[in-house]
Amino acid sequence: MTRAHARVLPLREGKKATEHTLTNGQAKLLGDSRLVDISPAAGDNRWQVRARTNSPKVGAVRLGRGADAIELRIAPKIAVDRVMFLLGYASEHADWQAEPVQAAVRDDLLPIVADAFLRGAERALRPGVLFGYRQTEATLPMLRGRLRAADQLRRHPGLPLPLEVTYDEHTPDIPENQLLLGAARRLLRLPGLSAATRTGLRRLVAGLHGVTPPAPGVPPPAWTASRLNDRYGPALGLAELVLRGGSYELDDGRRVQVDGLLLDMAKIFETFLCRTLAEALRERTGGVTKLDHRKNPRHHLDTGKRHALWPDLVHYLPGDGPDLRPVLVVDAKYKDKTASDDLYQMLAYCLRLGVDTGHLVRVAGAPDTITIPLGTDEIRVRQHVLDLDAPPHRLRQFVAALADELSQTKT
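Here the sequence shown is numbered in numbering that gives the first Met the number 0, starting from 0 and rising by one per residue.
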């Protein structure tokens, strides 16, 4: 069976389970993917399926092959133009925006992502493909660059030729172009793209001749912003998101490659909130804000540093001595309600950092304050609500107001 004939299963993030007729193979594929919650329903081959609420993903992936192949499409629970607004903050170098009218009248996220990437990439490449210098080692019949004497003696002892050399090659095969090529090739695999978008992406791929696409399953190539690649910045931000969306992490830490594109809404919300809030806090207090770094945690629960703590945002001000002292801790929760585990987590952050108030920011519900007695003292957990259905200017206003409130915190 061809890819085009895969069974399409449409779901929406945050909605109740719906009933579907599935083969046993399709049900197993969905269950093994851990992208949905699935359970048997009354009747033969009937199943209740809903998008997972824990670590929610949106997008489209193809699972399996042959008669059991299934194409899972998960639409976001918020408007597509809101998702695109958040995505504009989900990469350090991204400042692009989807056209609001276009995104507002569409319900299919991935074609909008592809259109936004294509527009950004075409603008980046309009003056021409960016070239850069790459160090290359080669065996040549003439001297070019610098002779690698040790390799020459080891590989060709006593022979004048060939020569083992190292030289700087002026080439388009640099990380910036590799990112654009990799993202374009991945987006071409998505369903639902318009003919114009597919044609544009193919033209983009053809124009990057001589560029090596990123290998599947490895992190996207790293690049450094500079004056030379400034015009590439917006497109590269989205390209990185697209390439990272080609896999997702299971509960046990394993990464799964996907044939499609998935966006982690919880991570996108966290990134938007923390980056905009960090900038606003720095403007108001002149302090230092540090964001979560999973590979290099700064804080641990225990003295042996075996149990890492990962608060999303910690804000520091100068202390009495040479060291900075933490004064604010914030965690973003892409949830409608606060769970007990969230409170335990924030309590650990506050105790370890030595602050008496922690801040949780949810996407629904009502603001609240939880007071936790601690001997003769107490820890307060403030719960703030950022309504993602609000228009972009309201989201910015919320962040500004939250920064105003937090900047008055005294510890």
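Since the hints were made in silico from the structure, they are not lab data.
Do not take every clue at face value.
[As the list claims (entries may be wrong)] The following label-pair restraints were derived from C-beta to C-beta distances: (1) 43 - 302: 55 to 61 Å; (2) 197 - 135: 32 to 38 Å; (3) 38 - 221: 39 to 45 Å; (4) 221 - 17: 38 to 44 Å; (5) 135 - 307: 37 to 43 Å; (6) 191 - 221: 29 to 35 Å.
[Claimed, not checked] Here are the computed lysine-lysine pairs in the DSS-like style, where the Cα-Cα straight-line distance is at most 30 Å: (7) 266 - 304; (8) 266 - 27; (9) 266 - 336; (10) 27 - 304.
All C-beta atoms in this analysis are idealised placements derived from N, C-alpha and C, irrespective of residue type, glycine included.
Index of numbered hints that the structure contradicts, given in increasing order
Those not satisfied come down to hint 10.
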